Amino acid sequence: MKLDDVQPQQMYRKNKGLLHALHIDGWLLLGLLLLLTTSAAIVYSASGGDEAVITRHLIRVGFALALMLVFAQIPPNIIYIFTPWLFLSGILMLIAVILFGDIGKGAQRWLDLGPVKFQPSELMKLVLPITVAWLFAHSQFPPSFRRLLMGAMIIALTASLIVVQPDLGTSLLIAMSGLFVLFFAGLPWKVILAAITTTVASAPIAWHFMHAYQKQRVLTFLNPESDPLGSGYHIIQSKIAIGSGGIQGKGFLGSTQAHLEFLPESTTDFIFSVLSEEFGLLGVIMLLVLYSFVIARGLYIASQAQDNFTRLVASSLTMTLFVYIFVNIGMVSGLLPVVGLPLPLISYGGSSLVTLMISFGILMSIHTHKRLLTD
Amino acid sequence: MSEQLKFNSDAEAFQQKRLFRFRLYFAYGFVLLLFAFLIGRMAHLQWYNYERYHGLAEGNRISVETLPPTRGKIYDRNHILLADNQPVYALSMIREKMDDIHAFELDLMNLLDGTDPEKIEEYFKKFRKWNRSKSYTLPFSISEEQAARFSVISHKHPGVSLTARLKRVYPHKNTAVHALGYVGRINIKELKDLNEKEYLGTNIIGKSGIERFYESRLHGTPGVQQIETNARGRILRKLETVPATPGEDIHLTLDIELQNYAEELFGDKVGSMVAIDPQSGEILAFVSMPTFDPNLFVDGIDQTNYNRLLYDPHRPFINRAINGQYPPGSTIKPFVALGAIENDYISPTKKIYDPGYFDYAEHRYRDWKRTGHGLVDLNDAIEQSCDTYFYELSLDMGVDAIHDTMAPFGFGSKTGVDILGESKGILPSQQWKQETKGKPWYRGETIISSIGQGYNLATPIQLAKATAILANRGKIIQPHLLKDELKASSSAQIEIKKISNWDKVIQGMENVMHGKKGTARRHGQGLPFKMAGKTGTAQVFSLNQGKYNADELAKRLHDHSLFVGFAPVDNPKIAVAIIVENGGSGSKTAAPMAVDLIKHYLEVDVKPTSNNETKP
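For the record, the sequence lines run as chains P and V.
One point on numbering: in the UniProt record's numbering, the residue at position 195 of the first sequence is 195, and numbering is uninterrupted.
One point on numbering: in the UniProt record's numbering, the residue at position 294 of the second sequence is 294, and numbering is uninterrupted.
Rather than coming from a laboratory, the hints here were simulated on the basis of the structure.
As the structure is a computational prediction, the values presented were derived from the model and not from experiment.
The beta-carbon is built from N, C-alpha and C at its ideal position, and this holds for glycine as well.
Certain hints may be false.
As the list claims (entries may be wrong) - Listed next, the in silico DSS-like pairs over lysine-lysine satisfying Cα-Cα at most 30 Å (straight line):
{"no.": "1", "chain 1": "V", "residue 1": "516", "chain 2": "V", "residue 2": "351"}
{"no.": "2", "chain 1": "V", "residue 1": "97", "chain 2": "P", "residue 2": "215"}
{"no.": "3", "chain 1": "V", "residue 1": "17", "chain 2": "P", "residue 2": "370"}
To be verified - Derived CB-CB ranges, DEER-like:
{"no.": "4", "chain 1": "V", "residue 1": "13", "chain 2": "P", "residue 2": "100", "range": "40 to 50 Å"}
{"no.": "5", "chain 1": "P", "residue 1": "70", "chain 2": "V", "residue 2": "10", "range": "28 to 38 Å"}
{"no.": "6", "chain 1": "V", "residue 1": "121", "chain 2": "P", "residue 2": "251", "range": "49 to 59 Å"}
{"no.": "7", "chain 1": "V", "residue 1": "10", "chain 2": "P", "residue 2": "204", "range": "47 to 57 Å"}
{"no.": "8", "chain 1": "P", "residue 1": "203", "chain 2": "V", "residue 2": "37", "range": "13 to 23 Å"}
{"no.": "9", "chain 1": "V", "residue 1": "151", "chain 2": "P", "residue 2": "55", "range": "30 to 40 Å"}
{"no.": "10", "chain 1": "P", "residue 1": "335", "chain 2": "V", "residue 2": "197", "range": "42 to 52 Å"}
{"no.": "11", "chain 1": "V", "residue 1": "10", "chain 2": "P", "residue 2": "30", "range": "30 to 40 Å"}
{"no.": "12", "chain 1": "V", "residue 1": "47", "chain 2": "P", "residue 2": "33", "range": "29 to 39 Å"}
{"no.": "13", "chain 1": "P", "residue 1": "55", "chain 2": "V", "residue 2": "130", "range": "41 to 51 Å"}
Please take these sequences and the hints and turn them into a complete structure.
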């Protein structure tokens with residue numbers, strides 16, 4: 001039987017059932033649900049069994065899952081059509097933040113829209129890679145030098161609007177998600193190597209433009225013991241939490257570092273420390289296996305995608321997830337400087353979870369809509 | 001054409017797909033590599049460095065706190081409390097855990113209105129320079145009511161904690177301070193000799209008297225408590241507790257009621273009195289006047305009070321009962337007499353003529369009675385305290401015989417009472433003089449020695465002990481302040497050839513009180529019991545080394561008034577030695593005080609309470 005003889009809807013019903021009808025990728029959903037279950041457990045433990053916190057968390061998880069489902073229904077070509085507008089409005093909002101932003105924790109990152117506070121940089125985590133992918137959608141791989149330059153400029157513009165908020169961490173991470181698109185589009189290795197070399201060489205210049213607290217973070221990262229009660233405190237306590245977990249961990253709800261309030265931000269940025277204290281090295285390996293499974297699925301979806309746009313979107317969103325994981329774990333374990341960044345899918349916290357689940361919705365959409373698109 | 005294009009397009013698409021797939025593989029390889037790197041990092045923290053971080057985590061949450069032991073209480077023989085512990089409160093602060101030091105300072109001034117705000121400011125100035133992670137305790141106690149008021153606002157002030165401790169309190173204040181002693185803050189010198197482990201969490205130690213002597217029994221052993229705290233130092237739960245072993249409660253032989261009576265007898269006179277139960281050696285009263293309030297020392301005495309005491313001309317800090325070395329004067333006559341008849345230097349019935357003086361080597365030694373006592377035998381000599389009798393006798397005996405007869409009674413050596421720092425006194429002998437002065441003994445010195453002058457020095461407790469042994473007819477007792485069954489029994493006995501010699505000496509002393517010519521007959525009249533005693537009057541030169549200015553000289557030259565005695569004669573229940581500095585003759589000042597004390601004690605003694613059986 002030839003494939004063309006079968007009506008698409010028929011095929012899905014026959015072989016994939018309900019999940020495919022809802023445009024859900026089963027494997028991805030499985031990975032996500034395992035991670036979110038873990039998240040619920042660790043947030044419960046890290047908050048000291050605070051029912052209010054866990055309830056709010058579960059509501060957010062439910063909301064984010066629903067959003068994922070919504071975005072899974074949107075065919076990639078619709079996203080493609082809206083991309084330039086999304087990008088433009090994103091840029092405008094970033095400018096609005098600079099002009100009218102709400103000042104919180106010494107940085108303007110929020111737009112106060114009455115009942116909701118909105119963080120445009122969060123939106124740009126999705127919009128920027130999609131925009132760059134949009135730019136390369138109809139070009140050959142590797143794209144022309146002119147297009148690459150245009151992509152780089154879009155990235156630079158977005159990143160610089162975020163860096164003045166100031167939010168160096170997010171700005172770098174968003175730039176990274178755009179750069180992944182360039183990489184997957186086939187940015188020549190020579191250029192990549194040159195860029196890395198330039199970045200390293202220009203570090204002293206960047207240092208010059210950093211805020212005092214950012215400099216302090218870097219210094220503290222280099223030698224956390226230098227200020228054990230100040231900014232080095234977080235990292236020292238986090239390492240103690242992780243290290244004291246040992247191989248098997250102290251058991252669920254067994255984190256003394258978090259429960260006794262030694263560990264700061266234990267439900268958000270430092271939740272990995274709680275997990276490693278309670279579940280030990282084995283738990284950490286399990287978590288990383290889960291993550292690599294999700295990443296593998298994301299990259300598989302990218303490999304199965306049928307056009308350059310979806311390929312680039314799927315692969316760069318997946319790799320962005322990876323970068324967030326790596327930076328957070330590297331940060332709490334003392335490998336990287338402390339930047340305010342949650343652990344994807346595990347940390348308590350609304351906006352980053354929503355962004356992530358939307359990106360998984362897009363991934364699912366890419367995977368489940370491809371036949372419909374090509375035919 | 002279009003076919004061609006499509007083919008090209010397919011070929012290109014294939015080419016692009018290959019490039020893209022390669023980049024995907026590369027990216028995934030990169031992901032796995034970095035994840036492996038993270039796992040390596042985790043293994044480094046959780047496996048390789050596990051012990052270290054485990055220890056740090058435990059150290060983070062568990063703090064070990066010492067529980068200082070409760071100091072043992074001190075009771076008198078009738079279970080009346082002499083040294084107690086009372087709860088007091090203080091505030092401790094840890095700088096790094098405090099949110100707003102200034103706010104607390106203001107709240108505190110409010111809380112303690114009445115306390116000088118400048119003083120509080122001064123303490124806070126010091127606190128702001130204090131180690132930021134170490135606890136600082138405000139150096140004053142706050143009342144229970146203030147503590148309660150602080151508890152209400154304590155939630156506003158993390159890092160500030162209310163610490164309760166027990167403070168030593170001496171309810172009888174000045175009374176018996178030289179026996180009881182007092183506690184005070186451990187000083188650097190004491191710290192060196194201390195077993196630091198035993199004193200964790202404790203900052204006071206017995207400084208003198210019983211408090212010092214029985215320090216190890218009173219102190220107890222500290223306990224340990226492991227406490228789980230959070231990062232803000234809030235105590236979450238107590239993990240393991242080894243309770244402190246409280247110090248032992250001890251009972252003293254003192255009768256605080258008698259002690260108080262004795263001190264009242266002194267009034268503002270300066271001197272000392274020691275009363276002993278001759279059967280057991282238990283010290284019933286231990287007086288050194290003037291006294292001071294030991295409560296002043298518990299938290300550290302302030303300079304004004306300290307100077308007032310230190311520069312008091314009557315030197316209240318001197319424990320006269322064990323450190324006051326006085327010429328014993330005529331009080332030693334019964335002991336010399338005993339040695340004389342025991343070793344047949346003289347017969348008890350032999351009479352010596354006393355014209356009021358004794359000439360030897362072109363020097364005239366006067367009797368206290370200028371007109372002389374006439375013909376006196378041993379009994380008369382003691383009764384009337386005839387100096388001439390002993391002058392003549394001593395030349396036959398020699399200083400060494402006098403020394404040998406008095407030494408067993410404890411003269412010239414420490415009594416071994418359970419208070420540290422006792423003085424030895426001086427019981428001279430030829431050897432003693434050669435050793436200490438490097439000079440031979442002169443016979444003329446024997447003459448004045450026989451009446452307790454010259455080199456002779458005795459402490460009040462030595463006199464009391466000697467008197468008690470005499471009252472016991474030679475049974476040696478050990479004066480002590482701790483009521484302890486073990487100490488009570490002693491079988492040592494001064495052996496003499498003729499038991500009746502005890503009676504002869506004691507008869508003489510009985511006549512001092514009850515005889516026609518007894519020096520204290522006025523005070524012995526009408527007593528409901530037979531009492532034995534001996535008065536003494538001591539010249540003061542030897543004690544004070546002539547370092548007084550001319551104005552003070554006259555007053556200072558007044559003789560010390562002494563008296564030793566015991567009662568009842570047949571069954572002695574109390575032996576007393578008393579010295580009143582510059583009190584004049586023994587019969588005038590010391591004797592009536594001793595009689596009053598004994599009367600008071602023997603009357604009280606009839607009551608069942610003093611048997612120490614009824615009360616726990």
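### Task
Using the beta carbons of residue 55 of chain P and residue 130 of chain V, state whether their distance is inside 41 to 51 Å or not.
holds (44 Å)
### Message
Run the distance test for residue 97 of chain V versus residue 215 of chain P: straight-line Cα separation, threshold 30 Å.
### Response
OK: residue 97 of chain V and residue 215 of chain P at ~26 Å, within 30 Å.
### Task
Take the C-beta atom of residue 335 of chain P and the C-beta atom of residue 197 of chain V, compute their distance, and say whether it sits inside 42 to 52 Å.
holds (43 Å)
### Query
Would the pair residue 516 of chain V and residue 351 of chain V pass a check requiring their Cα atoms to be no farther apart than 30 Å?
Measuring from Cα to Cα gives roughly 18 Å; hence the hint holds.
#### Entry: Whether the CB-CB distance between residue 121 of chain V and residue 251 of chain P falls inside 49 to 59 Å
holds (51 Å)
### Message
Between the beta carbons of residue 203 of chain P and residue 37 of chain V, is the distance compatible with 13 to 23 Å?
### Response
Holds - the Cβ-Cβ distance for residue 203 of chain P and residue 37 of chain V, about 21 Å, lies within 13 to 23 Å.
### Message
Looking only at beta-carbon atoms, does the pair residue 13 of chain V, residue 100 of chain P fall within the given range of 40 to 50 Å?
### Response
holds (47 Å)
### Query
Between residue 10 of chain V and residue 204 of chain P, is the Cβ distance one that fits in 47 to 57 Å?
holds (50 Å)
### Message
Please check whether residue 151 of chain V and residue 55 of chain P have a Cβ separation lying inside 30 to 40 Å.
### Response
Once the Cβ atoms are compared, 34 Å apart, the range 30 to 40 Å for residue 55 of chain P and residue 151 of chain V holds.
### Message
Between the alpha carbons of residue 17 of chain V and residue 370 of chain P, is the straight-line distance 30 Å or under?
### Response
holds (16 Å)
### Query
For the pair residue 10 of chain V and residue 30 of chain P, does the Cβ-Cβ distance stay inside 30 to 40 Å?
holds (35 Å)
#### Entry: Supplied distance hint 28 to 38 Å, evaluated on CB atoms of residue 70 of chain P and residue 10 of chain V
36 Å Cβ-Cβ, so the 28 to 38 Å window holds.
Checked against the numbered hints above, the structure breaks none of them.
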